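Trainee: Mapping of the sequence shown onto my numbering: position 77 corresponds to residue 77, and the numbering continues sequentially without gaps.
Keep in mind the hints are simulated off the structure, nothing from the lab. Fair warning: there could be bad hints in the mix.
In the DSSO-like style, the derived pairs of lysine-lysine whose C-alpha atoms are separated by at most 30 Å in a straight line are [claimed, not checked]:
1. K121 x K140
2. K111 x K176
3. K133 x K111
4. K26 x K4
5. K4 x K61
6. K167 x K140
7. K14 x K61
These figures come from a predicted structure and were not determined experimentally.
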Amino acid sequence: MIEKPILAIETSDKICSCAVYYDNQKYTETSIQLKNSHSEKIFQCIDASLKLLSLDINDCKLIAVSSGPGSFTGLRIGLSAAKGIATASNIPIVPVPTFEALALELLSSTKISEEFVIANKVNVEEIYFAKFKNEGNIYKFTDELKLIKSIELESEAFDLRIFGNVKNDKLNIVEKFAPSAVKVAEWACLFGENLMTTDFDYLEPMYLKSFVIKRKEA
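Let's have the full structure, built from the sequences with the hints guiding it.
Mentor: Next comes the structure, spelled out in structure tokens:
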């Protein structure tokens, strides 16, 4: 067990998940619906997780925050909250690749040597896509994280289990599209040492696609 806990924030989809993590036996996790909620709700979620262990933010060693890909708005809200807390408390941030934290979580849902896909919708026409292989205690990329057209999903992953929010009756799809905050913290604990930073100005979400704001016509 680590001496000081990790505060983890996951906001890549509609659910905001926050965790205070020592190890896989000692942690707390709190979740709220992010959709139509003000960003201040995240701080209520964080406070609730800390209070369950009678801690405050100054007791934490770092903040692990899900960095994408995922919801443009959700990732911005989560990273902004992490930056604000880290700046005020003088603790570092570890940006955690969302699909890799989810792949870590899916090791318990897939068989050893099984290849699987994580695929989440960007919009009607595009999908965030990556292939992984379960190698026992760790996952391995078998295809890079990339943006594909929705019509390409069948050819890319026809005979594999797909975890995500995509829809296709011809494919084996399991609805699981975001990691828990606990797995975000665990990923940071296992792999985040070289990503730890206090230079928050250059810390941005991983979108893979430009964020375009559409204006309504008058």
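Trainee: Verify the proposed pairing of K4 with K61, using a straight-line Cα cut of 30 Å.
Mentor: 5 Å, holds
Trainee: Under the criterion that the straight-line Cα-Cα distance not exceed 30 Å, is the pair K111, K176 satisfied?
Mentor: Within the cut-off at roughly 16 Å; holds.
Trainee: Take a quick look at whether K121 and K140 sit within 30 Å of each other, Cα to Cα.
Mentor: 22 Å, holds
Trainee: Can you confirm whether the C-alpha distance between K133 and K111 stays at or below 30 Å?
Mentor: Since the Cα atoms of K133 and K111 sit roughly 9 Å apart, the hinted pair holds (cutoff 30 Å).
Trainee: Taking 30 Å as the top limit, are the C-alpha atoms of K167 and K140 close enough?
Mentor: Roughly 25 Å between the alpha carbons, so the hint for K167 and K140 holds.
Trainee: Between K14 and K61, does the CA-CA distance stay at or below 30 Å?
Mentor: 27 Å, holds
Trainee: Run the distance test for K26 versus K4: straight-line Cα separation, threshold 30 Å.
Mentor: 12 Å, holds
Of the numbered hints stated above, none is contradicted by the structure.
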